[in-house]
Structure formats: structure tokens, C-alpha cells
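Number of protein chains: 2
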Amino acid sequence: MQKFTPTLIFLLLAACQPTGSPPPELADAAARPSFSTSTNEAYDFDTIPSYAGNHQAVYDYIDDHLDEHFAAMQRWLRQPSISAQDVGIDEMAALVRQDLEDIGFAEAEIVPTDGHPGVWGYYDAGAARTLVVYLMYDVQPVNPEDWESPPFAAELIDHELGKVVMARGATNQKGPERAFLNALESIIAVDGKLPVNIMVTAEGEEELGSPHYPQIVDAYVDRLQTADAVMFPFNSQRPDGTVSVILGVKGIIYFEMIANGGAWGGPAVAEIHGSYKAIVGSPVWQLVQALSTLVSADGNTILVPGYYDDIRPPNDEESRLLNAGIEQWSDQQQQEILGVSQWIDGMTGIDAAIEYLYTTTMNIDGIWAGYTGEGTKTILPHRATAKVDSRLPPDIDPDEAIARIRAHLDNSGFEDIEIRQLGGYPASQTSVDAPPVQAALSVFKKYADDLAVQPRVAGSAPFYQFTDRLGLPLVPAGLGFGTGAHAPNEVMLIKPAEGTAAAGLADIEKAYVDFIYALSVSDD
Amino acid sequence: MQKFTPTLIFLLLAACQPTGSPPPELADAAARPSFSTSTNEAYDFDTIPSYAGNHQAVYDYIDDHLDEHFAAMQRWLRQPSISAQDVGIDEMAALVRQDLEDIGFAEAEIVPTDGHPGVWGYYDAGAARTLVVYLMYDVQPVNPEDWESPPFAAELIDHELGKVVMARGATNQKGPERAFLNALESIIAVDGKLPVNIMVTAEGEEELGSPHYPQIVDAYVDRLQTADAVMFPFNSQRPDGTVSVILGVKGIIYFEMIANGGAWGGPAVAEIHGSYKAIVGSPVWQLVQALSTLVSADGNTILVPGYYDDIRPPNDEESRLLNAGIEQWSDQQQQEILGVSQWIDGMTGIDAAIEYLYTTTMNIDGIWAGYTGEGTKTILPHRATAKVDSRLPPDIDPDEAIARIRAHLDNSGFEDIEIRQLGGYPASQTSVDAPPVQAALSVFKKYADDLAVQPRVAGSAPFYQFTDRLGLPLVPAGLGFGTGAHAPNEVMLIKPAEGTAAAGLADIEKAYVDFIYALSVSDD
Numbered sequence: 020m021q022k023f024t025p026t027l028i029f030l031l032l033a034a035c036q037p038t039g040s041p042p043p044e045l046a047d048a049a050a051r052p053s054f055s056t057s058t059n060e061a062y063d064f065d066t067i068p069s070y071a072g073n074h075q076a077v078y079d080y081i082d083d084h085l086d087e088h089f090a091a092m093q094r095w096l097r098q099p100s101i102s103a104q105d106v107g108i109d110e111m112a113a114l115v116r117q118d119l120e121d122i123g124f125a126e127a128e129i130v131p132t133d134g135h136p137g138v139w140g141y142y143d144a145g146a147a148r149t150l151v152v153y154l155m156y157d158v159q160p161v162n163p164e165d166w167e168s169p170p171f172a173a174e175l176i177d178h179e180l181g182k183v184v185m186a187r188g189a190t191n192q193k194g195p196e197r198a199f200l201n202a203l204e205s206i207i208a209v210d211g212k213l214p215v216n217i218m219v220t221a222e223g224e225e226e227l228g229s230p231h232y233p234q235i236v237d238a239y240v241d242r243l244q245t246a247d248a249v250m251f252p253f254n255s256q257r258p259d260g261t262v263s264v265i266l267g268v269k270g271i272i273y274f275e276m277i278a279n280g281g282a283w284g285g286p287a288v289a290e291i292h293g294s295y296k297a298i299v300g301s302p303v304w305q306l307v308q309a310l311s312t313l314v315s316a317d318g319n320t321i322l323v324p325g326y327y328d329d330i331r332p333p334n335d336e337e338s339r340l341l342n343a344g345i346e347q348w349s350d351q352q353q354q355e356i357l358g359v360s361q362w363i364d365g366m367t368g369i370d371a372a373i374e375y376l377y378t379t380t381m382n383i384d385g386i387w388a389g390y391t392g393e394g395t396k397t398i399l400p401h402r403a404t405a406k407v408d409s410r411l412p413p414d415i416d417p418d419e420a421i422a423r424i425r426a427h428l429d430n431s432g433f434e435d436i437e438i439r440q441l442g443g444y445p446a447s448q449t450s451v452d453a454p455p456v457q458a459a460l461s462v463f464k465k466y467a468d469d470l471a472v473q474p475r476v477a478g479s480a481p482f483y484q485f486t487d488r489l490g491l492p493l494v495p496a497g498l499g500f501g502t503g504a505h506a507p508n509e510v511m512l513i514k515p516a517e518g519t520a521a522a523g524l525a526d527i528e529k530a531y532v533d534f535i536y537a538l539s540v541s542d543d
Numbered sequence: 020m021q022k023f024t025p026t027l028i029f030l031l032l033a034a035c036q037p038t039g040s041p042p043p044e045l046a047d048a049a050a051r052p053s054f055s056t057s058t059n060e061a062y063d064f065d066t067i068p069s070y071a072g073n074h075q076a077v078y079d080y081i082d083d084h085l086d087e088h089f090a091a092m093q094r095w096l097r098q099p100s101i102s103a104q105d106v107g108i109d110e111m112a113a114l115v116r117q118d119l120e121d122i123g124f125a126e127a128e129i130v131p132t133d134g135h136p137g138v139w140g141y142y143d144a145g146a147a148r149t150l151v152v153y154l155m156y157d158v159q160p161v162n163p164e165d166w167e168s169p170p171f172a173a174e175l176i177d178h179e180l181g182k183v184v185m186a187r188g189a190t191n192q193k194g195p196e197r198a199f200l201n202a203l204e205s206i207i208a209v210d211g212k213l214p215v216n217i218m219v220t221a222e223g224e225e226e227l228g229s230p231h232y233p234q235i236v237d238a239y240v241d242r243l244q245t246a247d248a249v250m251f252p253f254n255s256q257r258p259d260g261t262v263s264v265i266l267g268v269k270g271i272i273y274f275e276m277i278a279n280g281g282a283w284g285g286p287a288v289a290e291i292h293g294s295y296k297a298i299v300g301s302p303v304w305q306l307v308q309a310l311s312t313l314v315s316a317d318g319n320t321i322l323v324p325g326y327y328d329d330i331r332p333p334n335d336e337e338s339r340l341l342n343a344g345i346e347q348w349s350d351q352q353q354q355e356i357l358g359v360s361q362w363i364d365g366m367t368g369i370d371a372a373i374e375y376l377y378t379t380t381m382n383i384d385g386i387w388a389g390y391t392g393e394g395t396k397t398i399l400p401h402r403a404t405a406k407v408d409s410r411l412p413p414d415i416d417p418d419e420a421i422a423r424i425r426a427h428l429d430n431s432g433f434e435d436i437e438i439r440q441l442g443g444y445p446a447s448q449t450s451v452d453a454p455p456v457q458a459a460l461s462v463f464k465k466y467a468d469d470l471a472v473q474p475r476v477a478g479s480a481p482f483y484q485f486t487d488r489l490g491l492p493l494v495p496a497g498l499g500f501g502t503g504a505h506a507p508n509e510v511m512l513i514k515p516a517e518g519t520a521a522a523g524l525a526d527i528e529k530a531y532v533d534f535i536y537a538l539s540v541s542d543d
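Heads up: the sequence lines are chains A and B, in that order. Going left to right, the first sequence walks through residues 20 to 543 as this note's numbering numbers them. Going left to right, the second sequence walks through residues 20 to 543 as this note's numbering numbers them.
What the hints contain is simulated information worked out from the structure, not anything from laboratory work. None of these values were measured; they are calculated from a predicted model. Honestly, I wouldn't trust all of these hints.
Sample of chain A residues facing chain B (criterion: CB under 10 Å; computed from the structure) [what the hints assert, rightly or not]: (1) PRO233; (2) VAL236; (3) TRP283; (4) PRO286; (5) SER294; (6) PRO302; (7) ASP317; (8) ASP408; (9) ILE438; (10) LEU441; (11) SER479.
Yeah, the Cβ is synthetic: ideal placement off N, Cα and C, and Gly gets one too.
Just chain A, with the same shape it has in the complex:
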């Protein structure tokens, strides 16, 4: 049986206050901006009408063909496509391309990149509106022995919520993706064609951090910029049926800080005997001291000059969304799941939520140097490295953030610390008022009792490719429930048990049908 494990998203649970406060010696938040909502008003989701369209013939077609639709999903899930190990990647790309062609996409092409290939598809409906659909066809690696059912068997198994399909990729992301294509097939089968044009960009490296996805966009950027919206097929429901919609992500810079011996001193070639510390400088101390200047003594306030200059408080729209959702934020519940006793500075409630979503961070993901085994070894290492990431709210430019850190290190006497950037991109934000968001919310209201619309998550994704580069509103959307992404026993709910509020495959596909039609007429 599967359990629901929340990850980055708000946990909409009963509020509860934590106890305790941080050690006063370590509190040093003077330089960190403190934000609050700009209004006490809460977003009123009652203003969004439930989608009124009825596409009964298409719904009936879906019900009549549900077994074939599930078989199509199984076909995708049974094709391994592990990007990190280059297992089945080319076969899966070919499968995606062929399916697009079979569905009726006028263009269906493999897109070479410097990494795994992408797939481009264009369905020309001769329609006024064009929807860009982002797909990822790769999956995380597996340890088959950890699975209750083999990860590429894609069998239907029993779950407390009903029948689920268990497979690597079931919910992240092939399951909802193939459900969306089933919906397209159904519309075409019944109505002859889609009511919107569709541009598909599929990549096979999402699990690697999408290093070559920009090359796929590059190849079609002029056409992509003419579209109206971007959608990711996504299982957005919680087990209780609540639909969670995410409107923004933070950006990120990820870099290594490296200290080596060199002209300044320190062993440059290899570790030396530790007794030489008496007269030889240490790259490890240099890294530790350089790192220590980046943040306050408690590690929570960034001391790089200007680093907070460009961040902003929640705007009115975001404030109303925060106010609408905050009654379900629980400090205690999240802290229990994380194994954390308290938030920094003893923050609670909406203060913690705003800090979580609106501040920038400086985080050490890893650090290493010298001897890290059991017992004692007395060496003066010649090299020390830290992996550091910084989450970037909207309006912080990644290049400028790196430049500020570089300048600060130089001004603090740490010119010899090397910064090796491993990645970076800005934040992405879509307005709740954007047509595809309103279309998705109106469809979700037709099927679900509760909406949870988050202005942003604290995590990062390269959505700026769509919102900033293409200038398009973006909505990850879809009914459905899944869990186990990046873990054993990944599942997606297919046939809900009686009493389960989350949607099964049929309703997921019907909601996609409604979304496509809603989008075709939105903001007309």
C-alpha cells in the first residue's frame, strides 16, 4: 500500500504553533528583509466559474476506450528510459515521436541535441489559439529489488485509494502525459480535429537537470513564441481530491567553491603532512573562512552586499493567494515530516510561509576535503570544495548573483577561491489571472471540491524558458494523483475505490478534454 508523501508544496493541514526559540547567540537577522502580505484580503475562488462546457460524445468515447487508453499508458511505462544510464532513451524518443504521428501531428520529429534527443510535434488545427505542451520522456534510475511490482511491468495493483499502476514514470511523468495524449486522441476521434493547435516539446534529460532543453527550444523558438500558453500534464490532486496548482518557482544558482594551494601558499600538488600547518597555509581553512563570510554566524542571513536588494514582498495578487491558503499551513506538521524542531528565528505561520517562498537562500549542499574515513590521518589537504546553491526569487538575475558573490569574496581577501558554476536560471512566475490558469481552475472546479493555488513553491525549475524566454503563461495542470517520484514503488491512481475523491484515468482524460476546449475560447 502506498502512502502520500508531500514534497515541496504547501501542506494544507490544521495550523499549529511550534514551541521554542533559536539560541540568542546565533540570532542575527538584522540584514535580512522581512516581508508580509500587502493586503488582508483573501483570493475568492468563488469568482471562478465552474467549467460549463459539456463534451459528452468525447467523454463517452473515453469511457468506451479506457482499456486501450490504459494499454497505451502501459506501453510508455514498459519502455525503460533512464536518462542517467542511457537505458532505452532512443527507443522511448522514437515511441513518443511515433505516437504523435499516429495521433495526427503534422510534424513529429526527433530533435538532436548535445545530449539525449528531444521530440518536436506540431498539430495544426487551423485554430486561433496554440498550446505548447512540455513533455519529459525520461525517468529516474531504479533498484528493482526495492519494488513491490517490477518497475517496468506497469501492472495494476491494489492501493488504499483504489487500483494504481506501479511503474517508474507512473506519475513522474509518463502517466499523466499519456493520459493527456489519450484525451487528444479522443477529441480527434469524435470531433475530427482539436480546437487548438498544439506544439509539443519533449526532452529526455529532465532528470539530469534539463541541460540541453534550451537547444530544443532554440530549434523552434520563433514558432514557440507565437503560442498562447504552456501546459505540463501533471497529477495535481491530493488523496482528498484537493487540486493543487503552482504558479511560480524560484530560480537557482548552483556552484562549487574550490580552494587550492597556489601562489598564495598552501600545498598545490598533493596533501602534505599535517605538522606543516605550522608554516604552510591551508586551502581547507581558506575555504572555511571564505564560506563563513557569506552568511551570518547563525548561517541564516546572507552577508554578500546587495544580495537582498532585488527581492520583493508578495504583491497584491500573491498576498490574496497566500491569505486564502495560509489557514491550512501547519508549522508542526511540516516540521515533523522534515525532522526539524523549529524554523529559523522561531518564525511561525504566515511569517514562515512568506520567508520560505520570498527570500533568497545560501545553502551548502556538500563540502569535502582531505581524509574523511574512520579514525585519524594527519594531513594538510591541498584542495577543498563546497557545493553551494542559492534560490532566487523573481527579479534576481543569476549572473548578477554570482557576480555579487565573486566581488564579495574578492573584497574579503579570497581572490584565490575558485567559483565553478554548475547551473543557474532565474525564477518563473505566472499570474493567477492568466487565461490558461483561469481555464485550468474552472475545469478543476467542475471535478473537485477544493482548490489550493500557490503563488510559488520554494523549489526551482527552469520554467523561465517558457515564461521569460517565450513570454508565455504556464500552468502545470491535470487531475489525478500519484506518488513515489524518485523512489521505489512509484504509482498513479487509475481506478479510484469508492469514496476516493482523487480522479481516475477516465476523469483525468475528460478534464484534459475540457481544458483544451476551455483554452480555445478563454479570454475571447
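Got chain A sorted already, so can you dock chain B onto it with the hints?
Same frame as chain A, but now just chain B:
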């Protein structure tokens, strides 16, 4: 062919000044004591008479039995005794015990410890003086494929200096040890008995840091305290024949500093998603910030209050020894070997030598936390650890040093940092005027043209067990040359080629004979 690789000792080479100076931003040596010699006088080794005794009958016996003596050494070298892997340890302990009994030791006993066993031997000569001989019978592990001749074959092979025996333990330490026992056998064979009583304490865990050697001393401490001197059989010669004698070592404390999530905040159970840094404290930052308070920004001056209080400058005797040896100290040569561009604060010459030998250090041997692999992983680790060692010149108490660090961390707001001590012991110092040192030096003058007597090395060894606990002067002594300790192709010179100044086995044994006799009459 083997090459000589100096390790911790002074490099007695032509002096040369380095260029360059440290980055001014990082120079912060205000709090570090600066020492100089107390006198400009240099120790005059001409005042030490060359040993005048002549034990021709014993020398002749050695020459006549050199093949059997080398065979006895091979017998030790061919018995593996790798303490780290528990290979051959019990067999080697039995071999040492049996050899002592065969030589004529009245007591020859295995000494159980909580680790590998020790061996105790007592030779009762009915003499006025008693010499404690420290032996280690264990060796470092081997990778046989890296060796020119198998590490436990102990074959004679050609070397630029002559015939050497190649084996793990050849010079560290079985070779010189069995040479010393050969000398004892020869005296007894010719003169009927030794001129001094001998107490042997042998351990099988030197390569593990001698964790249970104190238990061996415990078992015989009352008797050991009645002895007059301690000697380690040691190949003290350089290839050019110069005999290097070391009179002191620094002590050390070795500890881990560990930061964990807990009541103060931070993830306590496992790593969490890095985006939570916005509202969750980081054990890695806590460790970095705690470490950063231990030393100045350049990493070279310890900022723990009182940490330098008890260290002292070279006394008159040590100053004379430093002045006698400093003309052969070469900054450039040492820096080239170490791959270091300059010493800290641009120090050179005797200033650097004194800093090296007389200051205490704070060194990070290793540090690790979180993700240390290739590429990016965005986590907030729940644990961070640093391995730290501090070298302790004489008069610094290890327990007090740890207590000062603990108090400093507590006073700086880092009560939550755990200190896990892995080892620690004080320094050891013997006066050049001590009878066994004078005895050794007078014997060395008989065989070698040059002496290099160092008041101290910057490295550490638990010699305090002898000098402080037993109150005995200590001298690591012996002619002979070897290299490759802890490395492949370890060798000891047995039959020097024509023109080689370093001694072969015969002279090594004759010098041990002289040393035993010199000791029997010294300071009478």
C-alpha cells in the same frame, strides 16, 4: 633503484630564500607569539669525544656471522605482521618472544592487551644500568603489485647505494630492530653476558597509533621506572652518511567536530530538500561558522583564548642546536618537495624553522557533509563533520587544550557542536646532555663524519610514555639507512657499494655494540 625521500626531518641542504609575500588581506598574525633563539651560540659537537672503546672480538664475531645475522633479519621480514588487517600478528609476536628467549632473556612473555598482544623481555645482566628498548613488530599494509620484489620475500636487490633488502618492515622497523638483537647476541657469544640489563617492550599496534601500548607499560610500569634510558633501534643515517638524531616530538590532539540538526533547529533525521534553507537552520553552516572562529581569516593564527599561553621559545640548549643546524635548512628545497610556494607570512630561514618546531597548530585534516559527487544535488544536510588536529609543543596539556576549544565554542554560541576526541598526548623532549644521547652521539662520531641533532621534529609520537610517564631520557638511535616506510619498495641498506657513506649491516651492529658498552659506563 630507490630514491631517498625525506619526510618530517630538517632538510639539511643549501640555504635559499623564497620570493613573494602573503596576500595582505589575509595576514593576521597579531595574536601569535613570535619566537627567536635565546643565544647566537651554536652547539659545538667537537666537545663530544668520539667513542674510544674497542670491542674487537665482538666486531670479529659479527663479521664472521653476518650471513646468519642477515638470515635472522630475513626471518623477521618474511613473517607478515600487518596490524591493520590482523595478518600474521600472533605469529610475529611469538617469533619476537621466542627470539628473546633464545638470546638469553630471563623473561620473555606475551603481554595481552585489548588489542594486538605485546611482548615483554627482561635480560638480567646483574648490571648497574638498565636500558629500555622499544620495539614495534607490526607493519603497514601492502599492495604487492606495486613492489619490484615481493614485500614479504625480503630479497637482497641492487640499489644505487649498494645491496639493500626490500621488504615491508625493512626499515620501519624490523630491520634495525633485528640488527640490534644481532648485536646483543654477539656480545653475549663473545663476552658471556651484556654489560647492561635490558627491558624490551614490543607492541604490535604502532601503525594503528599505539592505542594499547599504555597497557603494556602498565603491566611493568614499576620496573620500567627503575631503568636509566630508552632507545629505539632506528636507521638514523642519510645516504651521505650524516647521522640525524631527534631529541623531541610535539604532542597532538585529534578530534572531530560534528554538527547535527537538533533542538536548536536544522534537520535532525536525514537530509531535506535544499529549498528549505529559507526557514531551516543548516548544520553545515553551523560547523563552518564554528570552525571559522577557531583561527584568523588567513587560517594561521589560533583565536581560541589562551591557546598560546603555555608554549615557550627555544631554551638555550635548543637554541644552540638550532644555530648549529640552521645553515643547512633550505626553505626553497623543502617548498619544492612539498609543492608549496611560500611559508605563512613570508617567513624564511630560522624564523620559519622555529615557527615550524615551536608553535602549536590548528589543522583541518578532513571535512565532509552532504553531497560530494559529480554535478548538482540540492539538499540541506543534517550532519557535518570536520577532523581537526592540533600539534602541541612541550608544556601544553592535551586535556587543557581540548577544554579551551570546548569553552571557546560554548562562549561563541556553538554549544551544539559536538567534539569527539579520537586521540591525544603531550609532547616529549630529551636533553642533548642526557647520558644515552651523549653515548649515542659519541658512538656515531666514531663511524660518521657529520651529525645533525634536531631539538625537535614538528611531527608527533607518543614518546611521553617514556620521557614523562617513566621519567627516562629517550634516544632513537642507530647507524643505517632505509627508505620507503609506508610506501611500496621499502628497503634497508645491507652491503654498501664502494663510496657509499651510510653504514651496512656489519657497522650497524658494531655501533649498537659500542652504544651498549658506552651506556654501561656513561655518567659514571
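Using 10 Å as the Cβ threshold, decide whether A/LEU441 counts as touching chain B. holds, 5 Å
Per the CB criterion, is A/SER294 less than 10 Å away from chain B? A/SER294 check passes; min Cβ-Cβ to chain B is 4 Å, inside 10 Å.
Given A/ASP317 as an interface hint, is its Cβ closer than 10 Å to any Cβ of chain B? Given a least distance of 7 Å, the restraint on A/ASP317 holds.
Interface hint compliance - A/VAL236 to chain B, C-beta minimum distance less than 10 Å: Since the shortest Cβ distance to chain B is 21 Å, the answer is violated.
Min Cβ distance, A/ASP408 to chain B: is it shorter than 10 Å? holds, 5 Å
Was the hint right that A/ILE438 lines chain B, CB cutoff 10 Å? Result: violated, 14 Å to nearest chain B Cβ.
Just to be careful: measuring from the Cβ of A/PRO302 to every Cβ in chain B, is the smallest value less than 10 Å? holds, 9 Å
Proposed interface contact between A/PRO233 and chain B, which counts if any beta carbon pair is under 10 Å: Because about 16 Å separates A/PRO233 from the closest Cβ in chain B, which is outside the 10 Å limit, the hint is violated.
Hint A/SER479 vs chain B: min CB-CB distance below 10 Å? holds, 7 Å
Restraint check, 10 Å cut-off on beta carbons, for A/TRP283 near chain B: holds, 6 Å
When the least beta-carbon distance from A/PRO286 to chain B is tested against 10 Å, hint result: For A/PRO286, the interface hint holds, since the closest Cβ of chain B sits about 5 Å away, which is under 10 Å.
Against the hints set out earlier in the document, violations occur for numbers 1, 2, 9.
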